[in-house]
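Novice: Chains as they are written, first to last, in the numbering used here: chain A, 122 to 347; chain B, 15 to 143.
Hints are computed from structural coordinates only; laboratory data are not their basis. Built from N, CA and C at the ideal position, the CB exists for glycine as well. Where hints are given, some of them may not hold.
With the Cβ distance kept under 7 Å, some of the chain A side facing chain B (calculated, not the full set) [said to hold, decoys possible]:
#1 D285
#2 G287
#3 T344
Estimated spans, in silico, between C-beta atoms of each pair [claimed, not checked]:
#4 P267(A) x G122(B): 44 to 54 Å
#5 E44(B) x P267(A): 54 to 64 Å
#6 I264(A) x A126(B): 49 to 59 Å
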Amino acid sequence: MTDDHPAPWGKVMFHLHSYIEDEEIDLYNIPYTTHAGRSISVKIAQLYISDVELVKLDGSVYAIPDSKLLKRLDVDTYVIGDAPVGNYKSVRFKVGLPPASNQIDFSNTSDSVMWFSKTKADDGYIFLNVQGAIDTSEALTGILTPFVYKIGSNVNYKQVTMPDRGYTVVAGDVQYVHLIVDFNRLFSGIKINDNANLFVKTVADNSSPVALKIVTNIPSLFTYEQ
Amino acid sequence: MKKYVAAVEIFLLLSTSCSYEKVEPRSVCETPVVVSFKNDIQPIFDVHCNTAGCHSGTNPEGNLNLEASQSYAQLWRKKSGYLDTLNPKYSVLYASMNSISNPMPPTGKLDACTLDLILKWIEQKAKNN
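One chain only, chain B, in its complex shape (with noise of 0.2 Å):
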């Protein structure tokens, strides 16, 4: 009974050891069920994208303005193409921080998350919330 015991245990061994489920990377971003801009998304600004010499200023790279008092207004001028509701990743703002090549901010890619976060936001209209 013990060799037998022991030949299953063999068995399941390498038969587990030896074989693979290929498995996703899945995010767990936890984004939250409504994206706030003022809560969300400023703070996302406000760290990577407003500091001195950026996107801030009275002369502000790309001629956009991410400082709290201005970037949802920046965002939404007419023309600009930087929120597009109706076809989310066509957005300027997504797609540039999407970017490999281009990425914005220019020091990196920001991580899958905070993306996930902008591209909800989008999705949801894009709400001065």
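Next up, chain A with everything else stripped away, as it sits in the complex (with noise of 0.2 Å):
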């Protein structure tokens, strides 16, 4: 596909969309309603991705090298890289950045959305920034409570295996991996109406339950676009 890399390859990316629940998230910001009633507002929703691996049809793995993406809400289409032309039956990757790229200098980035901290390079990267605001009430009155999610640190480098789906890699060709990231799964067994479980903001924070839980929830976020 590339110069480096006339066929057999083919070129992989992925199409990203942002969800709350089914309904996509186009402006931050603006209130999205689950079935179940629940309101729930963005201001920011980004996470990385590292490490993708395609796994062939006898289980063997491609990893693409040097596979890494910001998904951030204003953008869905990612290059991820050459993988020989072939069949492959799944993909798999990480979310977040791998421990020798979670110490490096923050000069390499313009994201500082995604550090923990302006000053220290060893708090390491943000490896999922999502913060808004969510009913947190039984009743569901529609009042919104301020919640921040900041999942980093290299214990939280979380591995997701998605089902087996049919990939075909052609010569000069792209082959798209299209996934709905659902925001919403983050809250799934979490206490929302306990205020302290609404805020993960600092390295510290990550090694609570509630951290451990969103953790948890990290690969269930991911589902293929039908």
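Hints are included, so try docking the two chains, each in its own frame, into the full complex.
Specialist: Next up, the structure:
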């Protein structure tokens, strides 16, 4: 596909939609309502994806070198890299950045919203940064309470393995992996009517029970677009 | 003389029948010089994409409505990536239709001429013409 890799290589790209349940998030700070009637708005919803691997039919794996992206709300398509032509059955990746990349000089990046600290590189990157407001009431009054979920640190570098779905990489062509990222699922199993469960802001907070629950929820955010 | 002519004919016959030149299939698509969204692209959507339950109505598949009244604006929706005129093959629209494993429409990949038409329209900057 590229000059470096003429055929038999094809290009793999991700098409990532940001959703709150069935509604695509098109705008910041607009309330979206779930089937259960709970309103959620987001003012930021970003996450790093790295270490993308394609699983071959025989179970062996092709790791796409240097695969990394920062999913932003305002961009849905991302070039992952080149892969040998052939049939693959699945894709897997991690949410976050590998430990080696997580200790780098921040001057190499411009997205300061994904740093825990503007002064300390050893705090590493925020892997998933979702902030907004959510209706925490049982009566679903529509009154929104702010939340901040900043998930990071090396122990929270989370593997996501997608179910089998055939992919054929063709020489010189693009094969998209179409995924939905449902940020509503971050709240699964979290008692949101407890205000303490609405804020994970620091590296230290990332060892709290609510942070660990959020990390556990991360793989469930991803589903295939039908 | 007759023997000579017959020998030449046999030689020619054998020489042509026992060799071949590999000929790659050539596209015979007659795409217009300038592809029209209204006349060339939308009709493809009308036949293959915006049928009931697919890319139509208030809750279209992939949040993409390809009915005539909305399709152009939907395809150019900011951030979506459905159209990429800088890298036309990166366009989600084209790449999805051109996919072997997960083609759009799901009933099967459309013919090469239709896909050529889509790609050419994008290469021509995907105008609302």
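Novice: Confirm or reject each hint.
Specialist: Here is how each hint holds up against the structure:
no., hint, in the structure
1, D285, "violated (12 Å)"
2, G287, "holds (5 Å)"
3, T344, "violated (13 Å)"
4, P267(A) x G122(B): 44 to 54 Å, "holds (48 Å)"
5, E44(B) x P267(A): 54 to 64 Å, "holds (59 Å)"
6, I264(A) x A126(B): 49 to 59 Å, "holds (56 Å)"
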